[in-house]
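Undergrad: So you can see what is in the structure, the chains are spelled out below.
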Amino acid sequence: NAGVTQTPKFRILKIGQSMTLQCAQDMNHNYMYWYRQDPGMGLKLIYYSVGAGITDKGEVPNGYNVSRSTTEDFPLRLELAAPSQTSVYFCASSHRVLLPFSGNTIYFGEGSWLTVV
Amino acid sequence: EDKVVQSPLSLVVHEGDTVTLNCSYEVTNFRSLLWYKQEKKAPTFLFMLTSSGIEKKSGRLSSILDKKELFSILNITATQTGDSAVYLCAALYGGATNKLIFGTGTLLAVQP
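From first to last, the protein sequence lines stand for chains A and B.
Residue numbering for the first sequence follows the working numbering, starting at 1 and increasing by one per position.
Residue numbering for the second sequence follows the working numbering, starting at 1 and increasing by one per position.
Heads up, none of these hints are tricks.
Here chain B is said to cover these stretches of chain A; the calculated rule only asks that three of the stretch's residues, wherever they fall, bring their Cβ under 8 Å from a Cβ of chain B:
#1 41 to 54
#2 90 to 96
#3 105 to 117
Derived by calculation from the structure, the hints in this document are not laboratory data.
Where a beta carbon is used, it is the ideal one built from N, C-alpha and C, also for glycine.
Put together the whole structure using the sequences plus the hints.
TA: See below:
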């Protein structure tokens, strides 16, 4: 029972490089999300998707792109990495309908630590 | 602007103490309030509160939502060192998109 799987767990990028953070879920969730968490801060929504082929911007989308070609996968691409993108990135997924018990909620991956130098 | 505010920012207690963590929100199209526990890695789900005044309990943890005053509290009784973590509250909003606005979290340290 893998849940939400993110790769890589750690990465150091040089300014101007590009990379893709991978996210996969095996719970047949339609909804997927990317959040970033800066030190001492709450999570902020970057992009989200309500189904394959559908994506939309969250609070902080600048400098990122996403795609959703399958239900399972939701990669996040960083173009021209900047120091301001140093953060921990969390992918999450859920069913469309959330219920108030642990069996049906928003599930998070274990995070990808990214440093841009 | 939509926001979720948690207090205190950090808290140090001794094992056996009872703690109360606070979360207030001002969010357009508010649907529910969620609590998560974060121990260095992924936030893990604790509670989802949709109705006002109904307490949710799980072991030593409990939580309640006040939709009139726009706040929620998370109580932990008889704290243990394993309760040490960042506790995040998040407001679910925005129709059918299930988007969350998070607070900055409360860092709880439980000393033996």
